[in-house]
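For reference, the chains in residue letters:
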Amino acid sequence: MLLQLNTIQEIELLFYLTATILGIQLAIFFFYRYYKIRDERLPLNMILLLFGVFYLFFIFSDFILAINRLFILDPILTEIIYKFGYVSMLLSTISLLFFISIKEFSKIINTKIAKCLIIINVIPIIVVILLPSSELFTFLIVTIIISAILIYFLIFQIKLIKTSKGIIKNRLLLIFIGTDLNIISLFFVLEIIAEFYPLNILIFMGISLLMAGLIIVLLGVNSFPAFYELKWKENLLRLLIIDQKNHASLYSYDFSELKSKHEDYKRLFSGGITGIDSILSAITKTEGEKMNKIKQADSLILLEYGTRVPLQIAYALIVKEDLDSNRFFLKTIKNQFEAFYKEILSEVDSFIGSEEQLFGSFDLIIKGLLY
Amino acid sequence: MLFLEFPISGDIRLPLLIMEWILIITGFEICLIFLVRFFKQEKTLRNLQDVGYFSIIFGFSLMSFFYIIGNYFVPDDIVSPFLIWRSGSARALFLSLGYFSMTFFTVIFLLCIEKYCVFLFKRYVFTTIFSICAILFLIVFFIDIRMTQPIQYIFWISFSSFFVIYLIDFIKKLGKNRIFLISGVFLMIFGFLLTIDVAIVIFGLESRMIGVIIMLFSVVILSYFFLTLPPFSEFDWQDKIEALFLVNNAGICLYYNVFSERKDLMDENLISAAITSINIMLRELSETGEERNAISVLQKKGENVIIYQGQLVSGILYTSEELNFPKVLLKDYVDKFETLYHNILIKWDGVSDIFKPAEIMANDLFRK
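Which chain is which? The protein sequence lines are A and B, in order. The first sequence finishes on residue 377 if you use the numbering used here, and the numbering steps up by one all the way, no holes. The second sequence finishes on residue 825 if you use the numbering used here, and the numbering steps up by one all the way, no holes.
Rather than coming from a laboratory, the hints here were simulated on the basis of the structure. These numbers were taken from a predicted model, which means no experiment stands behind them. A hint or two may mislead.
Distance condition first, Cα-Cα at most 16 angstroms in a straight line; then the derived EDC-like pairs of lysine to aspartate or glutamate [what the hints assert, rightly or not]:
| no. | chain 1 | residue 1 | chain 2 | residue 2 |
| --- | --- | --- | --- | --- |
| 1 | A | Lys-340 | A | Asp-304 |
| 2 | A | Lys-348 | B | Asp-821 |
| 3 | A | Lys-239 | A | Asp-330 |
| 4 | B | Lys-813 | A | Glu-310 |
| 5 | A | Lys-171 | A | Asp-283 |
| 6 | A | Lys-337 | A | Asp-355 |
| 7 | B | Lys-793 | A | Glu-344 |
| 8 | A | Lys-326 | A | Asp-186 |
| 9 | A | Lys-239 | A | Asp-260 |
| 10 | A | Lys-301 | A | Glu-327 |
| 11 | A | Lys-296 | A | Glu-310 |
| 12 | B | Lys-793 | A | Glu-349 |
| 13 | A | Lys-113 | A | Glu-240 |
| 14 | B | Lys-784 | B | Asp-696 |
| 15 | A | Lys-272 | A | Glu-353 |
| 16 | B | Lys-788 | B | Glu-499 |
| 17 | A | Lys-296 | A | Asp-283 |
| 18 | B | Lys-804 | A | Glu-327 |
| 19 | B | Lys-813 | A | Glu-361 |
| 20 | A | Lys-251 | A | Asp-283 |
| 21 | B | Lys-697 | B | Glu-718 |
| 22 | B | Lys-793 | A | Asp-369 |
| 23 | B | Lys-813 | A | Glu-349 |
| 24 | A | Lys-373 | A | Asp-260 |
| 25 | A | Lys-348 | B | Glu-816 |
| 26 | B | Lys-572 | B | Glu-779 |
| 27 | B | Lys-813 | A | Glu-353 |
| 28 | B | Lys-804 | A | Asp-283 |
Next comes chain A alone, as it looks inside the complex (with noise of 0.2 angstroms):
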């Protein structure tokens, strides 16, 4: 049975309408960001997918309460729909837990506590499932484990931030406050506070809350950038592009102090990586396939090749260890290079003898790329 609406419920409802709109927008944009990067399978870029998955329960879970208190009268029916709110409520920290639990963070945080928390958020979904949502005993045993989860989740906000560099710093700031502001909503409407307070200015309180932080959440995740696994610059130390058919370093990089122990370094690492290839093709029968990666003592060279034909340009990233950032990394550097010296690379032939100068402004694109 449907309820009509005084004009404050329907000022109300308007204002979850709001919110509604702006947090599906968002859980659209964090899928939307994480599907334009998802083929590099960097494992943080997962917080984008989590992400929008919280927000997706997040705020079904807010509009479905909303919805239970402004028009549904039947006990029944409002008992069901309020079991379906707080188990999607519960189920979006969940996606938070998820992220926290990934293998990387281990760095920082204890993530054994995220895996123990995630089967804990199971209690208070058996909890509300069993026991009518009006009882003091069901909103006690939400609000202490919700509250467990969230000092664990605003310890690893930290440690987080302060982990990051550059742009991901600002825009993970962003996308927490925004994140903590939302979880903080949450609490205004709960029924049980409501019984003490003036429901009415504590919904319109919450909802201006949760807006504010849809808001700032959006601000953050606009051009998010791809998220690198923690401590990743450490591993790089060095870049080459080649011109493999003229067996010529274009441009050189070193990340690290390292020191090469030939002055003829490049040169020699040109024409010794065409020579391998050409070697390893023919041993293995693999011609017009290319070689990715060779692994040599402590380092590992991570090649890719250029997609301008006829031109034949590798490049070659020495890192320490084989991560996927590295790898993306090294894509993201051919794109810009091939982006940026377009007009240059199709006449390259002419300019023999001049790549140092004529490709060393690419040191600025790479500063950029790295900070």
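Fit chain B to the supplied structure of chain A, relying on the hints for placement.
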């Protein structure tokens, strides 16, 4: 005579209110996109047309917001006296506020559009006409709050005449994507007609509901269309580009390209030297003391010279009209050239063959 009671009540009230609210939210979001786009551009390169689109959508959303208050939340009973008026109603007040916000923001829209384009015989013709309308509206508003609606009809009829001229001009210059504009405008007009009082009297409130849904689609289509469009006034900017020069700080011409066959220019080295002198003079004259990364425009009848001074190179663009978009491109071109040739420019040995790829870049950017 409208046989409809306000505030709107009955079964259709809530669904209609929700749809109208979604339309407002969408409108506000879209107008914000235009505003952000405007502020994201560099100060000297900002195009007011984005502010114009922001104004018209913001005005429309604000008007719809006041309509919602007037139609759903306040009584329509005539009270005498009513606030500062001899008689009036709360609904009439909010509707008038809606009309006024739309009128006000339409004037801003016209001002932004007419800054770059001349419609009919003189610049700012429509802005002047609509400003007079807005003042008339205000006078009537203070005399009798219930008389603002007829004034609004006059306003909209005049605006339609402007819009038809604008649209014809616009469609002529568009390519394949004119279908988005035509369908968007058609849906907007059709949707709007379904929401006006006459349509509601004939078809009932259901027509208003359908009208709002159609308008929602139309707002999305039109916004997509305008967001992907270069500034209207500069559609045919490529026809107006005549020549490009790149000069280093010593006044030597590094590269030049004459795009217009009609263009008769003097020797490129003389031009380079002249521009360098002009640059030095401008620098001395400048009170801000800004030397680098500044755009100067030298204007004579039928001839414009845009100069962008980078760190190591100055770009000079000859155009037949003063346009904003080529300024953006010139800046991009010089910045890219400087980054590409940074090391070479610092110790250039006088061989200009190395700058050959600059031609490909220039053709990509400036040629049709």
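Hint check:
no. : hint                     : result
1   : Lys-340(A) to Asp-304(A) : violated, 25 angstroms
2   : Lys-348(A) to Asp-821(B) : holds, 11 angstroms
3   : Lys-239(A) to Asp-330(A) : holds, 12 angstroms
4   : Lys-813(B) to Glu-310(A) : violated, 28 angstroms
5   : Lys-171(A) to Asp-283(A) : violated, 37 angstroms
6   : Lys-337(A) to Asp-355(A) : violated, 24 angstroms
7   : Lys-793(B) to Glu-344(A) : holds, 14 angstroms
8   : Lys-326(A) to Asp-186(A) : violated, 37 angstroms
9   : Lys-239(A) to Asp-260(A) : holds, 12 angstroms
10  : Lys-301(A) to Glu-327(A) : holds, 10 angstroms
11  : Lys-296(A) to Glu-310(A) : holds, 9 angstroms
12  : Lys-793(B) to Glu-349(A) : holds, 11 angstroms
13  : Lys-113(A) to Glu-240(A) : holds, 14 angstroms
14  : Lys-784(B) to Asp-696(B) : holds, 15 angstroms
15  : Lys-272(A) to Glu-353(A) : violated, 22 angstroms
16  : Lys-788(B) to Glu-499(B) : holds, 11 angstroms
17  : Lys-296(A) to Asp-283(A) : holds, 7 angstroms
18  : Lys-804(B) to Glu-327(A) : violated, 39 angstroms
19  : Lys-813(B) to Glu-361(A) : holds, 15 angstroms
20  : Lys-251(A) to Asp-283(A) : holds, 13 angstroms
21  : Lys-697(B) to Glu-718(B) : holds, 12 angstroms
22  : Lys-793(B) to Asp-369(A) : holds, 14 angstroms
23  : Lys-813(B) to Glu-349(A) : holds, 9 angstroms
24  : Lys-373(A) to Asp-260(A) : holds, 11 angstroms
25  : Lys-348(A) to Glu-816(B) : holds, 12 angstroms
26  : Lys-572(B) to Glu-779(B) : holds, 12 angstroms
27  : Lys-813(B) to Glu-353(A) : holds, 9 angstroms
28  : Lys-804(B) to Asp-283(A) : violated, 37 angstroms
Figure legend: structure checked against the earlier numbered hints; hints not met, in rising order: 1, 4, 5, 6, 8, 15, 18 and 28.
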